[in-house]
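Protein chains in written order, with our numbering: chain A, 476 to 1215; chain B, 32 to 437.
Careful, some of the hints might be misleading.
As the list claims (entries may be wrong) - These stretches of chain A come out as covered by chain B in the derived footprint (C-beta under 8 angstroms, 3 or more residues):
id, stretch
1, 484-493
2, 507-514
Said to hold, decoys possible - Only pairs whose alpha carbons sit at most 25 angstroms apart, straight line, appear in this in silico DMTMM-like list of lysine to aspartate or glutamate:
id, chain 1, residue 1, chain 2, residue 2
3, A, K726, A, E754
4, A, K478, B, D369
5, A, K520, B, D285
6, A, K972, A, D1032
7, A, K632, A, E559
8, A, K724, A, D1047
9, A, K478, B, D134
10, A, K520, B, E327
11, A, K545, A, D751
12, A, K726, A, E778
13, A, K967, A, D890
14, A, K724, A, E778
Said to hold, decoys possible - Okay, the calculated beta carbon distance ranges per label pair:
id, chain 1, residue 1, chain 2, residue 2, range
15, B, R162, A, K531, 40 to 48 angstroms
16, A, W485, B, P210, 21 to 29 angstroms
17, A, E516, B, K248, 49 to 57 angstroms
18, A, I673, B, L284, 35 to 43 angstroms
19, A, E567, B, L220, 47 to 55 angstroms
20, B, N163, A, A776, 52 to 60 angstroms
21, A, R483, B, L284, 36 to 44 angstroms
22, A, E516, B, R200, 52 to 60 angstroms
23, B, F204, A, R486, 21 to 29 angstroms
24, B, L284, A, K531, 36 to 44 angstroms
25, A, E516, B, N197, 55 to 63 angstroms
26, B, L220, A, R486, 29 to 37 angstroms
27, A, R486, B, L284, 33 to 41 angstroms
28, B, V344, A, Q525, 20 to 28 angstroms
Calculated from the structure, these hints are not laboratory results. Just so it is clear, the structure is predicted and the values come from calculations on it, not from any experiment. Ideal Cβ positions, reconstructed from N, Cα and C, are used throughout, including at glycine.
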Amino acid sequence: MSKGTTVRMWRRSLVVLGFLVFFGFSALTLRLITLQLFQGEFLQKMASEQQLADTKISAMRGSIYDRNMKPLAQSATVWTVVLEPAYINSQEKREKICKGLSEILEIPVEKLQELSQKNSCYTVIKRKIDSETKNKIVEFKSKNKIASGVRLIEDFKRFYPYGKFAAPLIGFTGADSQGLAGIEAFYEKTLKGEPGRIVTAKNAIGTEMPFDYEQIIPSKPGQSLKLSIDETIQHFMEKNLEEGIINHKVKNRGAAIAMDVKTGEILGMAVKGDFDPNEPFKIADPAEEARIEALPEEEKAKEKAEALSKQWRNKAVSDTYYPGSVFKMVTASMGLEMDVVNEQSTFTCNGSIKPSEGAQSIRCHKRSGHGTQNFVEALCHSCNPAFIMLGQRIGVENFFNFYKSFGFHNKTDIDLPGESSDIFFNKDGKMSLTDLAVASMGQNFSITPIQMITAAATIANGGNLVQPHVVKEILDENGNIVKTIDPIIKRKVISEKTSRRVIDMLHRNATSGAAKNAYIPGYRIAGKTGTSEKIGLSTAGQKDYISSFCGFAPADDPKIAMLVFFDTPKGDYYYGSAVAAPVFAKAMQDILPYMGIEKIYTEEEREKLGNKTPNTIGKNISEAKNISINAGLKPVIIGNGENVISQIPSPSEQIVQGGTIVLYTDSESKSKTVKVPKLTGLSLFEVNKISHSANLNVKISGQNLTESNVVSATQSIPEGTEVPPGTTITVGFIHKDRIT
Amino acid sequence: MIGIKIKKHTEKHTEKKPKKRKSRINKENFKFLSEIFSIKSGIDIPFLFLVMTILVIGLVMMFSASYPNAYYLHGGDSFYFIRNQLIFAVLGVIAMMAISCVDYNYFHKWAVPILITSFVLLILVLLMPARNGVHRWIQLGTFGFQASEITKFAIVVSFAHFITLNFNRMHTFKYGILPYLIILAPTILLLALEPHISCSVIVILLAAGMLFIGGVKLKWFGIVLGSIASALLYLVLFTNKLTYANNRIAGWLDPFSPAAGVDTWQTKQGLYAIGSGGLLGLGLGHSRQKYLFIPEPQNDFIFSVVCEELGFVGAVIILILFALLVWRGMIISMKAKDKFGSLLGIGLTAQVGLQVILNIAVVTNTIPNTGISLPFFSYGGTSLLMLLAQMGIILSISRTSRMEKN
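Chain A on its own, in the form it takes in the complex (with noise of 0.2 angstroms):
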């Protein structure tokens, strides 16, 4: 042993070989299994964070579609302009991106230069450009052989093509393609589909590795809404919505709702005083823009966004109101169904009335008093103490029983935001004797106009409270129905009996009573105005009022109920008999022949209406005389030829009796013209004599002809503008009365 390994030496050795391996291998192993077993997965993490480039694929929104598939929303295909510094390898590669994107995208150079030296592989330089821009795009990089440094990622934008349209109702989106508003906001999860993502796995400077590690997750696309609107209805009812705010100088806004009676389908829902989608964040109205422009900095933004939220918001389901006498349909079914009131009960009205002993007394509109009225006339007066004393027989109970079942106390449950509760006397519906008296009459509590419509139309469709809904179907990207959402019944209120009862008495009201400016030739009309006072909001010294309107149509078998709705009118009226009724008789004029109603007129009527025109053409000038004057028509003709070559008006349409028809016998004669006069602010004797003696003949609309006090409104063709003789004019007409 004396030259090899002594004792000692091989317990040294022994020693080291421990610490080797023991003490230094097994450090190392518990190292490894706390970083690879237990820390391993926060690791993987932010290696993945650094190792994989993770884009986002934007899913198509769904569309929004009328109810006979016309676009109301849609999603277009946009691209995201993004920079990837990573790649810009070289000053003149960087100079030359920079150069070519800020002609085409306007974006200032020296912006471009700073973002392209971002320590990044991924900086948005702008989003959402059209197709046109980005093929330009495309074509600069091509032309410029740039393969790497900008991208293209494909977005969708929200498009409305009919701008303004339906926009309170549909609502709008963000930036990020989120609904905001509207039927966008209250849908959102089910047009929003699901968002995809390519993940890529990439070098530290970025670029792809060589081996295969792509995922992609393809976006899914949202689901689409037919809703049960009807475009032309709405795009009816939003025309003559915004000519009666103009006309009525509405100070803040009007909406109207229109609702199938039997579904709840709603048909139209206009809210004027609104926006356009296509850009929410602009404050539509010019001059609301200018006053807040104007305004100091610091209030500008507050001010910007109250009158955002403002053009945003949806009256017709966000704003409450005090019915008005409109509410007195209810009280009446109230009264019919509890069998405490009757056609013949009469009722005595002095002009005031007190609801209790010692109470305030209540006046009628009308001071004098309508004297005594049997049940049906105290309706079509809209006689406040009958409705009083209508109140009283029905009871606190059974009034706040009728009124939580005719919907008022709760939501409709709309499918749509923000929908507001009414606010009545006391949650528990205790009130006074005095608060009855008003409630009868509709005053002192608030609902919302879709609730007042909800209530209308279990009147109309033989007492079942329906729930109103927007959206009739849900479809998948490629059409096919994925749901249909069916009519809710939620209750019977009052029996079919009742139902015909109140609608008889309203249709009597749309044609002789206090509604007349609702009426409209042949349609069965029924319907109540109504005007209430907005208590605390008045503008100084005077008072404001909600002028509406709820009716439906054909009173003998309902199927439309609209609600017309304005805010503080500033014209000339502000009762809903002159304001709102005659906004809801144009309305309906146009969507009931589009409903395909069809118009059954009484002899009385069909007297006033006249007849068709006669076909004169290709007639020598005699004959066509004689047929003219045989059909009751004052010809007129104009030329020199022998014959008839054109007439105005055209064949078959509807003329008055005593109308003129213009009679060409000569093309160069065409060309002549008259000059229209002005037809408003005049009886229907004035409108007819100076229409006859210009050659033109009129139409007389949104007026029962049988009532004498009555003076024209509105004309269709501006005074001044020049016409061919014997083009017709519609002028509308208004009762004097002021009867809410």
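With chain A held as given, fit chain B onto it using these hints.
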């Protein structure tokens, strides 16, 4: 001379175990070769097997780890690194087998010249142009090597030499401490000038280990080692002389959110790779971190790619192979026929063991980051050649070692 000695050993060995003579190669011409590769000729087959196994795994992993870098940084030539490494591996194996036939006592005589060469190279390297701010490489045309590779070998050989000479006086200061301090002090100083801290640490640990085995009194061992450690600690913690080491310590303590000016990129990326491997790894060739995230994944941080691709299981198997190699090397050396062989073998085995442990400790952020390569794995032709040659010396020792060799 050499041939004769080998024959002598072989004869001794065959006398001991006559049963094992099974060689069927009778031709005189092949006798030399058959003696090298057959058990009876005396090299330790398990050790050779371990070396070859680790070498093959190392080469495969080096190829896997290096090809993205080769592809991206060497003009799309994915084989850039592995080609070089393979050439040196083949040369290395040839050198190993050749040296295993050389009597290791040859180094006994050449210990002092080797030590002098080491000093010359350490001085020469300081005159060479710096790479990445450090003077470590001696470049001769395309052929380059690190001076410290020679130094580590020189320390092992010279310490084995002097300890053997003065074995009975190792307990004294004059013979047990002084000569080694004289060798060690200038070596560490020169390494510090490069600077090359990691090599200094290995050299100090190797020296300490050999002196410990050589029989230095624990008292001296404790005093010298303690003072060197405290001196280093002082330099690192309280002066700016080793700022780069200071930064490394700061980065070691918090690799994920380093302070300004502290670069922990490599450590961080290595840890991501190790963690990503999990239990079973991403599969051979499927590391993602090697795609330019880990700087030079074929070098010091190759083990992180191993962990990522082969997982915990693969990494532990490799650790076990290294442990077995160290074990076997130590056993061979401890049973060597003389003290020089023993000390030389232990020194060379310990060098491999220490490098493996320190490298993996660095990669796993167990100790601060410092440049230590992983034997058999890391890229570096001359380093691999040198390593295999040293394995050849251990095989040479194994020929006369008194142990079971199958």
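Hint check results:
Coverage of the stretch 484-493 of chain A by chain B holds in this model, with 8 residues showing a Cβ closer than 8 angstroms to a Cβ of that chain against a need of three. Counting residues of the stretch 507-514 of chain A whose CB lies closer than 8 angstroms to any CB of chain B gives 6, which reaches the minimum of 3, so the coverage claim holds. Only pairs whose Cα atoms come within 25 angstroms are accepted, and K726 (chain A) paired with E754 (chain A) is accepted, the gap being roughly 23 angstroms. With a CA separation close to 5 angstroms, the supplied pair K478 (chain A) and D369 (chain B) stays within the 25 angstroms bound.
Restraint check for K520 (chain A) and D285 (chain B): satisfied, since their Cα atoms lie roughly 18 angstroms apart, inside the 25 angstroms limit. For the given pair, K972 (chain A) sits about 13 angstroms from D1032 (chain A) by alpha-carbon distance, which is consistent with the 25 angstroms threshold. With a CA separation close to 23 angstroms, the supplied pair K632 (chain A) and E559 (chain A) stays within the 25 angstroms bound. Note on K724 (chain A) and D1047 (chain A): the hinted pairing holds, with a Cα-Cα distance of about 9 angstroms set against a maximum of 25 angstroms.
Of the supplied pair hints, the one linking K478 (chain A) and D134 (chain B) holds, its CA atoms being roughly 16 angstroms apart against a limit of 25 angstroms. Between K520 (chain A) and E327 (chain B), the direct Cα distance comes to roughly 22 angstroms. Compliance with the 25 angstroms bound is thereby established for this hinted pair. The straight-line distance between the Cα atoms of K545 (chain A) and D751 (chain A) is roughly 18 angstroms, inside the 25 angstroms bound, and the hint therefore holds. With a C-alpha separation of about 17 angstroms, the suggested pairing of K726 (chain A) with E778 (chain A) holds against the 25 angstroms cut-off.
Restraint check for K967 (chain A) and D890 (chain A): satisfied, since their Cα atoms lie roughly 22 angstroms apart, inside the 25 angstroms limit. A threshold of 25 angstroms between alpha carbons decides the hint, and for K724 (chain A) with E778 (chain A) the separation of about 22 angstroms falls inside it, so the pair holds. For R162 (chain B) and K531 (chain A), the hinted distance range of 40 to 48 angstroms is satisfied, since their beta carbons lie about 45 angstroms from each other. Between W485 (chain A) and P210 (chain B) the Cβ separation comes to about 24 angstroms, which falls inside the hinted range of 21 to 29 angstroms.
Checking the proposed 49 to 57 angstroms range against E516 (chain A) and K248 (chain B) shows it holds: the Cβ atoms sit about 51 angstroms from each other. Between I673 (chain A) and L284 (chain B) the beta carbon distance is about 38 angstroms. The supplied range of 35 to 43 angstroms therefore holds. Range check, E567 (chain A) to L220 (chain B): Cβ separation about 50 angstroms, and the 47 to 55 angstroms hint holds. Between N163 (chain B) and A776 (chain A), the C-beta spacing of about 56 angstroms keeps the proposed range 52 to 60 angstroms intact.
As the Cβ distance of R483 (chain A) to L284 (chain B) is approximately 40 angstroms, the hint placing it in 36 to 44 angstroms holds. Between E516 (chain A) and R200 (chain B) the CB atoms are about 58 angstroms apart, so this pair conforms to the stated range of 52 to 60 angstroms. Against the hinted window of 21 to 29 angstroms, the Cβ-Cβ separation of F204 (chain B) and R486 (chain A) comes to about 23 angstroms, which satisfies the hint. A C-beta distance of roughly 37 angstroms is found between L284 (chain B) and K531 (chain A), which places it inside the suggested range of 36 to 44 angstroms.
In this structure, E516 (chain A) and N197 (chain B) meet the distance hint of 55 to 63 angstroms, their C-beta atoms being roughly 56 angstroms apart. At roughly 33 angstroms, the beta-carbon separation of L220 (chain B) and R486 (chain A) lies within the given 29 to 37 angstroms, and the hint holds. Taken as a hint, the range 33 to 41 angstroms holds for the pair R486 (chain A) and L284 (chain B), whose Cβ atoms sit roughly 37 angstroms apart. Taking 20 to 28 angstroms as the suggested C-beta distance range, the pair V344 (chain B) and Q525 (chain A) conforms, at roughly 25 angstroms.
Hint violations for this structure: none, all hints satisfied.
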